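Number of protein chains: 2
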Amino acid sequence: MTNNSNNYFSSDFKLGILGGGQLGKMLLYETRKFDIHTKVLEASKEAPCRIACDEFVLGSLMDFDAVYNFGKQVDVLTIEIENINLDALEKLEEEGIKVYPPTKALRTIQNKATQKLFYTDNNVPTADFSRFAYASEIEDAIENGGLELPFVWKAAQFGYDGQGVKVVRSIDDLKELPVGECIAEKMIPFKHELAVIVVRSVSGEVVTYPVVEMEFHPEANQVEYVICPARIDKIVAQKATEIALKVSEEIGHVGILAVEMFQTQEDEILVNEVAPRPHNSGHYSIEASYTNQFEQHIRAILDLPLGKTDSKVAGIMVNLVGADGYTGEVVYENIAEIMAMDGVTPHIYGKKQTRPFRKMGHVTIVDEDIDEARRVAQKVKETIKVISK
Amino acid sequence: MTNNSNNYFSSDFKLGILGGGQLGKMLLYETRKFDIHTKVLEASKEAPCRIACDEFVLGSLMDFDAVYNFGKQVDVLTIEIENINLDALEKLEEEGIKVYPPTKALRTIQNKATQKLFYTDNNVPTADFSRFAYASEIEDAIENGGLELPFVWKAAQFGYDGQGVKVVRSIDDLKELPVGECIAEKMIPFKHELAVIVVRSVSGEVVTYPVVEMEFHPEANQVEYVICPARIDKIVAQKATEIALKVSEEIGHVGILAVEMFQTQEDEILVNEVAPRPHNSGHYSIEASYTNQFEQHIRAILDLPLGKTDSKVAGIMVNLVGADGYTGEVVYENIAEIMAMDGVTPHIYGKKQTRPFRKMGHVTIVDEDIDEARRVAQKVKETIKVISK
Numbered sequence: 001m002t003n004n005s006n007n008y009f010s011s012d013f014k015l016g017i018l019g020g021g022q023l024g025k026m027l028l029y030e031t032r033k034f035d036i037h038t039k040v041l042e043a044s045k046e047a048p049c050r051i052a053c054d055e056f057v058l059g060s061l062m063d064f065d066a067v068y069n070f071g072k073q074v075d076v077l078t079i080e081i082e083n084i085n086l087d088a089l090e091k092l093e094e095e096g097i098k099v100y101p102p103t104k105a106l107r108t109i110q111n112k113a114t115q116k117l118f119y120t121d122n123n124v125p126t127a128d129f130s131r132f133a134y135a136s137e138i139e140d141a142i143e144n145g146g147l148e149l150p151f152v153w154k155a156a157q158f159g160y161d162g163q164g165v166k167v168v169r170s171i172d173d174l175k176e177l178p179v180g181e182c183i184a185e186k187m188i189p190f191k192h193e194l195a196v197i198v199v200r201s202v203s204g205e206v207v208t209y210p211v212v213e214m215e216f217h218p219e220a221n222q223v224e225y226v227i228c229p230a231r232i233d234k235i236v237a238q239k240a241t242e243i244a245l246k247v248s249e250e251i252g253h254v255g256i257l258a259v260e261m262f263q264t265q266e267d268e269i270l271v272n273e274v275a276p277r278p279h280n281s282g283h284y285s286i287e288a289s290y291t292n293q294f295e296q297h298i299r300a301i302l303d304l305p306l307g308k309t310d311s312k313v314a315g316i317m318v319n320l321v322g323a324d325g326y327t328g329e330v331v332y333e334n335i336a337e338i339m340a341m342d343g344v345t346p347h348i349y350g351k352k353q354t355r356p357f358r359k360m361g362h363v364t365i366v367d368e369d370i371d372e373a374r375r376v377a378q379k380v381k382e383t384i385k386v387i388s389k
Numbered sequence: 001m002t003n004n005s006n007n008y009f010s011s012d013f014k015l016g017i018l019g020g021g022q023l024g025k026m027l028l029y030e031t032r033k034f035d036i037h038t039k040v041l042e043a044s045k046e047a048p049c050r051i052a053c054d055e056f057v058l059g060s061l062m063d064f065d066a067v068y069n070f071g072k073q074v075d076v077l078t079i080e081i082e083n084i085n086l087d088a089l090e091k092l093e094e095e096g097i098k099v100y101p102p103t104k105a106l107r108t109i110q111n112k113a114t115q116k117l118f119y120t121d122n123n124v125p126t127a128d129f130s131r132f133a134y135a136s137e138i139e140d141a142i143e144n145g146g147l148e149l150p151f152v153w154k155a156a157q158f159g160y161d162g163q164g165v166k167v168v169r170s171i172d173d174l175k176e177l178p179v180g181e182c183i184a185e186k187m188i189p190f191k192h193e194l195a196v197i198v199v200r201s202v203s204g205e206v207v208t209y210p211v212v213e214m215e216f217h218p219e220a221n222q223v224e225y226v227i228c229p230a231r232i233d234k235i236v237a238q239k240a241t242e243i244a245l246k247v248s249e250e251i252g253h254v255g256i257l258a259v260e261m262f263q264t265q266e267d268e269i270l271v272n273e274v275a276p277r278p279h280n281s282g283h284y285s286i287e288a289s290y291t292n293q294f295e296q297h298i299r300a301i302l303d304l305p306l307g308k309t310d311s312k313v314a315g316i317m318v319n320l321v322g323a324d325g326y327t328g329e330v331v332y333e334n335i336a337e338i339m340a341m342d343g344v345t346p347h348i349y350g351k352k353q354t355r356p357f358r359k360m361g362h363v364t365i366v367d368e369d370i371d372e373a374r375r376v377a378q379k380v381k382e383t384i385k386v387i388s389k
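Protein sequences, first through last, are from chains P and C.
So the first sequence is numbered by full-length UniProt numbering: it starts at 1 and just counts up by one.
So the second sequence is numbered by full-length UniProt numbering: it starts at 1 and just counts up by one.
Hints are not guaranteed to be accurate.
[To be verified] Some but not every residue of chain P turned toward chain C, in silico, with C-beta under 10 Å: (1) 34; (2) 36; (3) 308; (4) 342; (5) 347.
[To be verified] Mimicking DSS-like on lysine-lysine, the simulated pairs with C-alpha atoms at most 25 Å apart in a straight line are: (6) P/39 to C/381; (7) P/359 to C/14; (8) P/14 to C/385; (9) P/385 to C/308; (10) P/166 to P/186; (11) P/381 to C/308; (12) P/352 to C/14; (13) C/45 to P/45; (14) P/308 to C/14; (15) C/39 to P/352.
[What the hints assert, rightly or not] Short, incomplete list of chain P residues facing chain C, as computed with Cβ under 8 Å: (16) 35; (17) 313; (18) 336; (19) 343.
Hints are computed from structural coordinates only; laboratory data are not their basis.
Because the structure is a prediction, the values reported are computed rather than measured.
Using N, Cα and C, we set each Cβ at its ideal position, and we do this for glycine too.
Go ahead and model the full structure; you've got the sequences and the hints to work with.
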C-alpha cells in the first residue's frame, strides 16, 4: 500500500494519459470519481477525451518531442493505446517520470513478432509461427515448404480494430497483404477463445478477473459476445488463469494486462496476444464487477490497493459495429427498444460517422442468471442496428 | 416509448443542465456514456461540472436573463438543484423548450411552506406545521399557545446541506434563526427515516427504487448510513412506496423524485420533503443498482424507456463530511486503507477546501450480504477522516 496516497487526491498531482480515444474516455470517468487531475495527449481534436480531462494537448503519440514534452509535465504517465513513441517514454522514465506500464513491457508487446518470440523464450504456450521482415518473403516460404496454408497473417506493428489480422487461405490472398514486417501463425481450430485480465500494482499486488469467453458467430467467424464468466470447465479456467499470471509476471507490466488465449480441442491453453491497458474483453466489468477495469487500472498505476474483481452478476458484452452497406452520419436504430430490455446499458462512443464494421460503441447485458443474460444479448444483437442517415 | 429517440444520440440535440455542482457532475458521466451533447449553466467557474460538459456557461441560476438566454439554446432543460429562477423557466416552457421537471412541479417544491400546504391539500400524510411570514412571529405564536416547544424550524426557501433546518428547544434558540419566511414543524419521534426514489418519464412510465433507510448516530442524531434495502417490515415498505407514488402523481414531476419520509413509532408514514432531481439517498445506486439514479434521470427526461431499479447487491452509503476542527486545504486521511476493504468505492467531489461538516464526497459499500456491508461501512466510517493540511 502506498504511503502517500493522499497526494493523488490533491490539485498538485497530475496524471498523464497517452491517447484520447474511447478507452481514455472511460478511464476519465474514474479519474473524475476520484477527482484526479488529468492531462491527455492525442492527435485528433475530435477525440472522445477532448472533454472530461482537465487539460487536452494536441500532438502525435508517435512523435518523440510531443510525447517527451507532454510527459515532463505530469507525475504519472499511462496509456490507452500501445502505439506510442517508446524512445520518448524510455527517456522520461530515466528522468524520473513514473511510466505505467513500463517502457520495457511495452517494447515486448508493441511489436507482435517480438511478443511471440517473448512467449517462446519464456515457455509460454502459443501457436507456432514464422516471422517475416517483408510480406513478400511469405510466398517463398510457402514454395519452399516452410509454411503451410491456411495461416493467420498478422502485421507486426500498429494493427487496430481487426485490421492487421487476416486469414490467408490461398496464394491469391497474399496479394492483399501490406508489405511490412509480419508473422504467419498456425491456425488453431479452438474450442473457445478466452481472456483473463490480470492487474498488477506498482508495489506488486496482483489480482485476476474471472475468465471470459468470446462466443463466435457460427458462420461469420466473428466475435459476437464476450461472456463473464466463461462457460467452461473449472480446471480449464484455472489453467488459463495460471498462464495469464505467468505472462503477467514475465512481462512485468503495471496496470491492466488483458491476456487473450485459445482453448484448443485438447483443452490446451495457447496465448494469442496481450494488451497492457483496459481492453474490450473487460468492458462488461463496468456493469457486472465490484471494481471495473478502468478504476482498477487507476488503482494499480497510482499504487492504491486493488479492488475486488468478483462479479455482482453475470455480464455479457456485445460490440456495436457499423452495419455493412452504411457509410455516413450515424443513426442508432432501435436504441430505445434495447434500453427497454432489463439490464441493458448501451455505451455510445461518440463517433459521428459510421462505416462498415467500425467500432461505434458496445452494449452490456447483466443478469443474475447467465442464460437469461445470453438470451437478452441475442435480442439486443437482433434489434439494434448502426446505420447512416 | 419515444418515437424519435435517435435524435438524442446525434450532434444536433442539446441537453441543458441548470447547476454545475456534484450532482451535475455525476449526471455528466451518464450523458457521456450515451454521447449526449450537454451545456451547463453555473455561477461558479470552480464548479465540478466545469469539465466533462460540452459547453460551460457562467451565470446565476436565480437571474432571469441568465436562465432564459441559456434555456433558449438547448432542446431539453433539466436541473441539479431546485434554486432556480422559475419565471424564466416558465417563459421557456411557454416558448416550447422542454423543461423537466416542469416549472409547476418546481413551484410546489421550491418553497417549503408551499410544499407542506400541497401535502395537506392533497391528503398526503405529513407532520403538523405552522407557517410564518417572518421568524419574529414565532415567539408570539408560542406565547399565545399556538405553537409548542420543541419544534423543527425550516426556512421556506434556499436551504441546502442541512442549513435551513434547526431544532428549536427553547425561546433562546429563536434568536439564532434567520428572519425570513419559515415553517415550524412538529417533531416526529420516528422509528426510521426512509426514502423512496420515484422516476417518471415524459410519456408517463413510472418506476420506483427499493425503500432505503437512513440510520442515525445514536447520540449525534445525524444520518450516518443510507442503507438499501431498508431493514423494515414489508408492509411498511409497501406503504412507503404507495405514498411516494401518490406524491409523485400529484406533483407531476418528470425525472427523479426523491421522497423522504418518517416511519413513526406507530408505523405511520409521514412525508418529510421531496427533491425533484437525483438525490443523496440514491447515490448507493451507482454501485448497487441495475440502473443508477443519474442514468435513470436522463432516461426519464429524454423519454427513453426506464431501466430496471432492482439492486444487484446490498448497498450502503456514507457521506464524507469535513471533520470538526479542520478548515483549509483538504486531505483524505486513510483513503487508501478504506480502498483496501472489499466493495468500497470513494467518490471525491473535488472541493479543494474543507470545513467542519462540509460535504466533500461519499463512499459506497456493496456486498451480497447486507450485514457484512453494514460492518464494512462502520469500518469505513471509523477509518477515513476528512481533515486539512
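Looking at the structure, which of the earlier hints fail to hold?
6 and 14
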